[in-house]
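*Asks:* What follows is the residue order along each chain.
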Amino acid sequence: MIAGAMFYVFALVLIASAVAVVSVRQPVNAVLFLILCFFNAAGLFLLLGAEFLAFILLIVYVGAVAVLFLFVVMMLDVQGDAPRPPLKRFLPMSLGVGAVLLVQVVVMAVFWPQAQAVISVATDIENTKALGRVLYTDFIYPFQVSGLVLLTAMIGAIALTQRGSRGTKRQNVQAQLDRRAEDVVSLHHVESGKGIL
Amino acid sequence: MADSFLVDYAPIAVFMTIATFVALAAVALSFLLAKHRPDKQKNAPYECGFPPFGDARAKFDVRFYLIAILFIIFDLEIAFLFPWAIVLGDIGWLGFGSMMVFLGVLTVGFIYEWKKGALEWD
Numbered sequence: 001m002i003a004g005a006m007f008y009v010f011a012l013v014l015i016a017s018a019v020a021v022v023s024v025r026q027p028v029n030a031v032l033f034l035i036l037c038f039f040n041a042a043g044l045f046l047l048l049g050a051e052f053l054a055f056i057l058l059i060v061y062v063g064a065v066a067v068l069f070l071f072v073v074m075m076l077d078v079q080g081d082a083p084r085p086p087l088k089r090f091l092p093m094s095l096g097v098g099a100v101l102l103v104q105v106v107v108m109a110v111f112w113p114q115a116q117a118v119i120s121v122a123t124d125i126e127n128t129k130a131l132g133r134v135l136y137t138d139f140i141y142p143f144q145v146s147g148l149v150l151l152t153a154m155i156g157a158i159a160l161t162q163r164g165s166r167g168t169k170r171q172n173v174q175a176q177l178d179r180r181a182e183d184v185v186s187l188h189h190v191e192s193g194k195g196i197l
Numbered sequence: 001m002a003d004s005f006l007v008d009y010a011p012i013a014v015f016m017t018i019a020t021f022v023a024l025a026a027v028a029l030s031f032l033l034a035k036h037r038p039d040k041q042k043n044a045p046y047e048c049g050f051p052p053f054g055d056a057r058a059k060f061d062v063r064f065y066l067i068a069i070l071f072i073i074f075d076l077e078i079a080f081l082f083p084w085a086i087v088l089g090d091i092g093w094l095g096f097g098s099m100m101v102f103l104g105v106l107t108v109g110f111i112y113e114w115k116k117g118a119l120e121w122d
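Here the protein sequences line up with chains A and B, keeping their order. Each residue of the first sequence is one higher than the one before, starting from 1 at the first, in our numbering. Each residue of the second sequence is one higher than the one before, starting from 1 at the first, in our numbering.
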């Protein structure tokens, strides 16, 4: 009963904030509404019994991805007072994407009873435990691949944004010790009135 | 069935209610009890200070973005560690070894970013 009421609260706030994400003018506000979306989606996961997913959504999406989005928005220097582009330009594409999503949801709703029969939900163990029992042994290859994907992301981000030492002066002790007077100092006899080239 | 485990979250609901109440009370009390004598000079820059109010949407350095990306990656690594820690007794050496390989791969990335100076600000 309470769970049913909470479902409608979470779902309504989720939909309302999702609408706000695409309709508010300021990009920063849109990101903040996105965070509200994540929170409510986490609430829905919790109601489904997917506790691990709910808290991963909070930790990873709210804690990290939303912050990343905020940084991107701040970096791009986009202002909300720019004139809105005409709706006509984006309408066909957004309708197309929306139609594909709608078809998927309908197909899913139609085939849900069969899918539920295949995916037997274990109710006697916690789902974090259920996940852990198969993720590191039965699904070892996807798990290792995910590690490699994270490594690629890390190196890619560094390669794209790191621009050397940026002209900062830092003490390099080895370079100082390796420096020898005969390499860097030269004495010249300068004749009067001629100078050196 | 669905409602039974939600009872476990009742303490969290209590905490969130109290937190909301305390946060609202802090703002409301300072609004109600404090003296209000607004003055134009109070908002003016003090001596050679810069203007206190401006656009909050200043441009950020790209390095914040790099820090955030690196944070996400290690955040995900931690997320993988939670279920692993819970079931470590059940999954044996294969589970232990696969996590060590996973951590090793990410340690390679960590050494790379350390040596590249990606963690240094200036």
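Be aware that a few hints might be false.
[To be verified] FRET-style restraints, in silico, Cβ to Cβ:
| hint | chain 1 | residue 1 | chain 2 | residue 2 | range |
| --- | --- | --- | --- | --- | --- |
| 1 | B | Tyr112 | A | Phe55 | 25 to 33 Å |
| 2 | B | Val62 | A | Gly98 | 29 to 37 Å |
| 3 | B | Asp61 | A | Asn29 | 19 to 27 Å |
| 4 | A | Gln171 | B | Ile111 | 16 to 24 Å |
| 5 | B | Ala25 | A | Ser23 | 27 to 35 Å |
Hints are computed from structural coordinates only; laboratory data are not their basis. For every residue, glycine included, the Cβ atom is placed at its ideal position computed from N, Cα and C.
*Asks:* With reference to the structure, classify each hint as holding or not holding.
*Replies:* Consistency of the hints with the structure:
1. Tyr112/B x Phe55/A: 25 to 33 Å: holds (30 Å)
2. Val62/B x Gly98/A: 29 to 37 Å: With Cβ atoms ~34 Å apart, the hint holds.
3. Asp61/B x Asn29/A: 19 to 27 Å: holds (22 Å)
4. Gln171/A x Ile111/B: 16 to 24 Å: 22 Å Cβ-Cβ, so the 16 to 24 Å window holds.
5. Ala25/B x Ser23/A: 27 to 35 Å: holds (33 Å)
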